[in-house]
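Asker: Protein chains in written order, with this note's numbering: chain D, 1 to 404; chain S, 405 to 793.
Hint data in this document are derived by calculation from the structure and do not stem from the laboratory.
We put the beta carbon where it would ideally sit given N, CA and C, even for glycine.
Do not take every clue at face value.
[As the list claims (entries may be wrong)] With a cut-off of at most 20 Å between alpha-carbon atoms, the simulated SDA-like pairs for lysine to any residue come out as follows:
1. 768/S to 121/D
2. 318/D to 446/S
3. 42/D to 724/S
4. 2/D to 439/S
5. 42/D to 521/S
6. 42/D to 723/S
7. 768/S to 29/D
8. 92/D to 121/D
9. 135/D to 167/D
10. 632/S to 487/S
11. 42/D to 634/S
12. 768/S to 677/S
13. 568/S to 522/S
14. 67/D to 46/D
15. 105/D to 634/S
[Claimed, not checked] Far from chain D by the CB rule (all over 12 Å, computed), these chain S residues:
16. 413
17. 453
18. 457
19. 504
20. 527
21. 531
22. 540
23. 559
24. 566
25. 658
26. 666
27. 689
28. 701
29. 748
30. 776
[Said to hold, decoys possible] Pair ranges (Cβ atoms, derived):
31. 751/S to 30/D: 38 to 44 Å
32. 537/S to 334/D: 26 to 32 Å
33. 112/D to 745/S: 41 to 47 Å
34. 633/S to 394/D: 40 to 46 Å
35. 25/D to 566/S: 47 to 53 Å
36. 223/D to 776/S: 18 to 24 Å
The residues making up each chain are set out below.
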Amino acid sequence: MKLPIYLDYSATTPVDPRVAEKMCEYLTIDQKFGNPASRSHKFGWDADEAVKKARQQVADLINADPKEIVWTSGATESDNLAIKGVAHFYHKKGKHIITCKTEHKAVLDTCRQLEREGFDVTYLDPEATGLIDIKKLEAAMRDDTILVSLMHVNNEIGVIQDIAAIGELTRSKGIIFHVDAAQSAGKVPIDLKEMKVDLMSFSAHKIYGPKGMGALYVRRKPRIRLEAQMHGGGHERGMRSGTLAVHQIVGMGEAFQIAQQEMATENERIRMLRDKLWNGLDDMEEVYLNGTADSKVTGNLNVSFNFVEGESLIMALKDIAVSSGSACTSASLEPSYVLRALGRNDELAHSSIRFSIGRFTTEDEIDHTISIVREKVNKLRDLSVLWEMHKDGIDLSKIEWAAH
Amino acid sequence: MYFDHNASTPMHSEVLAEMMPYLQHCYANPSSVHSQGRMAREAINYARQQVADLVNAHPSQVIFTSGGTEANNLAIKGCIQGMGLSRLVIGATEHPSVKDVAASFESFMQVDTLPVDSQGTLEGIGNGEIESLLSGQPALVSLMMANNETGAIQNIADIAPQIKAQGHFVHTDAVQAAGKTVVDFASLDVDLLTLSAHKIYGPKGVGALIFDKKIDLGAMLHGGGQEKKYRSGTENVAAIVGFGKAAELARQNLIENVSRLKRLREYFEQKLGMLPGVIIFSEKTARLPNTTFFGMDTSTNTNGRGIDGETLLMHLDTQGIAVTSGSACASTRLQPSHVLMAMGVGEQTARSAIRVSFGLQNTKAEIDQLIDAIKAQIEMIPYLEIVEN
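In isolation and in its complexed conformation, chain D is listed as follows:
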């Protein structure tokens, strides 16, 4: 078995070899390297053709029209474009936006920026399951609400929000609905002919495509308007300028096509591995599953090991690449804001590990992971005074710590 074992597929995935192979056809001199905006020669036309095909492949996975796909440099840009684009276009209609405390930073930081620009943002609290109570969402809606932005699958705890139901509500109220689907595309079926979603963000590198590539779905019927955030050249029907990175786009298209073809069987395999991992850890003392098990993406397992500090555990697990939460916030040592929003206390939030399983994970790797995690958790607990006190039956929450 090759070490370290990669169990951080929610942070990013390796490019599928089939995807890499396609991408390589659009780079060097003996290949189709042209600028798709070049209308005067075959190099440009070939590149444009490749972009068209990829647009169809992406649209197919989510049952959309290819004309509804806008290429971006990644889901962060898609989220920024969707939220700022709507806010700046529809600000005369209203300045209120609703989102949730457990959204990705790309949504939260964008909303913070809009607050600085004079918008009013409501940050909903999720239930302990990690899901939004649709009644509370409805209660938060106002006459001047122009946008609801909620993620489909949470990046840390993997819970799947009922987007279809929320879409019915937002549409009936005439509010635009944006969904960050970076973690759900290719893992959860998405049908945009059925779901009443107006804008949806996608990332390539979360489903075995390249980094630096994403897309924004922009509904045509009813038509959603956006104010462009990047200017110059008027690519992507004026919504997003900049030379199209053909090899990246081709990679995203191929990745989405593979996902469409293999999602059902792959999900089944990954679910079995995930359940095996949980069964291997579940019987340990003071271990908690974060996020409801009833509505969870197959590859995610977020576990709190009480009385163990998450970052120490990650360091101890040097043969296993996992994270204590989102990669985008892992430079900070604060406990996960997602777990805290779920009502987990700081200690449990601090002791959490996100295992995310993917296409290239093997059963051997899971077996090995179970034994290492058990060993290291026990070792760290043996060194912990708090664990010792807990074992002695002392209720730590009742202790009054002396100040120094």
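Given the coordinates of chain D, work out where chain S should sit on it, guided by the hints.
Answerer: Here is chain S on its own, set in the frame of chain D:
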């Protein structure tokens, strides 16, 4: 045969070789704290040094973006927002990614345009005139270092101090200049400078903004705080690594590449000059070594009818020759080049314009074929006219 290297370049095979491991083997998210994530982070830092070296900047001055367009947008919007400016000045021949940003500002701030002379630079515009055009409240002044259509090189090192002396900030779009001429951020005295990878034999979808940290730069993309909060979003590791390698190759081979491109272009222009009525734009000023933008003088040719550039390049395309009538980014539009209009070129001549931009893989034999094809088309013009009449 590809003669459109100012639109995009094929990627160098060594660049591809550097990138591949970062797609399939070292693929972790550089923000992840585990060892694989840290390896990806190190790769980015290495590339940052390589890109900094290309333009003699410090690695901490490099912000990676999704390309030249984003870097230009970030430079202008970020500087204006961060420095609290309410005025933008651009050159008359800027790339659409600067021009369109300026257009989007027009409704709520003062936007001025600096004219160019007949050669496409500020050289022929008097110092006094520039000074009076720039007088007034502090602005960000955005001037491209080398024009994508004509290849005309603006003497930024000369102009920047003059502009800054009036209390303004200076951004230069060096997307076309990098790899084809010396770009030295430290001695240019500009505040912000834009680079793109796919114009220097690197991958598409990655670029950089080089900035002086005296500039309080506002961010355009929010969420995650990557690139020291100046540009959020998971880093495109493989492309950044490719950009780094391309920058290193461009720096190492600059003199050799420039002289090779110059030889090709001289050979081409010598032959082109023998054709009747050909005008080479920006011929009398310093130009990028690889670029020839030319048109037909309608008065000496075909009874004033001239030739339509679009028609010419379609004919060339049928013979497997790729050239363009101007910027790829504007090639869906049918207006004559805004660059030529700003230089005072007549509309008819501007409509006949063809841009040939050479690359490292072009050969003299290819140029011979290109010349033959252009010649055949020009000779056809009188007959085309008879048919039309």
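Asker: Against this structure, judge whether each hint is valid.
Answerer: We went through each hint and held it up to the structure:
no.: 1; hint: 768/S to 121/D; result: 63 Å, violated
no.: 2; hint: 318/D to 446/S; result: 18 Å, holds
no.: 3; hint: 42/D to 724/S; result: 8 Å, holds
no.: 4; hint: 2/D to 439/S; result: 14 Å, holds
no.: 5; hint: 42/D to 521/S; result: 35 Å, violated
no.: 6; hint: 42/D to 723/S; result: 10 Å, holds
no.: 7; hint: 768/S to 29/D; result: 17 Å, holds
no.: 8; hint: 92/D to 121/D; result: 16 Å, holds
no.: 9; hint: 135/D to 167/D; result: 13 Å, holds
no.: 10; hint: 632/S to 487/S; result: 18 Å, holds
no.: 11; hint: 42/D to 634/S; result: 38 Å, violated
no.: 12; hint: 768/S to 677/S; result: 16 Å, holds
no.: 13; hint: 568/S to 522/S; result: 25 Å, violated
no.: 14; hint: 67/D to 46/D; result: 19 Å, holds
no.: 15; hint: 105/D to 634/S; result: 14 Å, holds
no.: 16; hint: 413; result: 8 Å, violated
no.: 17; hint: 453; result: 20 Å, holds
no.: 18; hint: 457; result: 22 Å, holds
no.: 19; hint: 504; result: 4 Å, violated
no.: 20; hint: 527; result: 26 Å, holds
no.: 21; hint: 531; result: 30 Å, holds
no.: 22; hint: 540; result: 24 Å, holds
no.: 23; hint: 559; result: 24 Å, holds
no.: 24; hint: 566; result: 27 Å, holds
no.: 25; hint: 658; result: 20 Å, holds
no.: 26; hint: 666; result: 21 Å, holds
no.: 27; hint: 689; result: 25 Å, holds
no.: 28; hint: 701; result: 22 Å, holds
no.: 29; hint: 748; result: 24 Å, holds
no.: 30; hint: 776; result: 17 Å, holds
no.: 31; hint: 751/S to 30/D: 38 to 44 Å; result: 40 Å, holds
no.: 32; hint: 537/S to 334/D: 26 to 32 Å; result: 51 Å, violated
no.: 33; hint: 112/D to 745/S: 41 to 47 Å; result: 43 Å, holds
no.: 34; hint: 633/S to 394/D: 40 to 46 Å; result: 43 Å, holds
no.: 35; hint: 25/D to 566/S: 47 to 53 Å; result: 48 Å, holds
no.: 36; hint: 223/D to 776/S: 18 to 24 Å; result: 51 Å, violated
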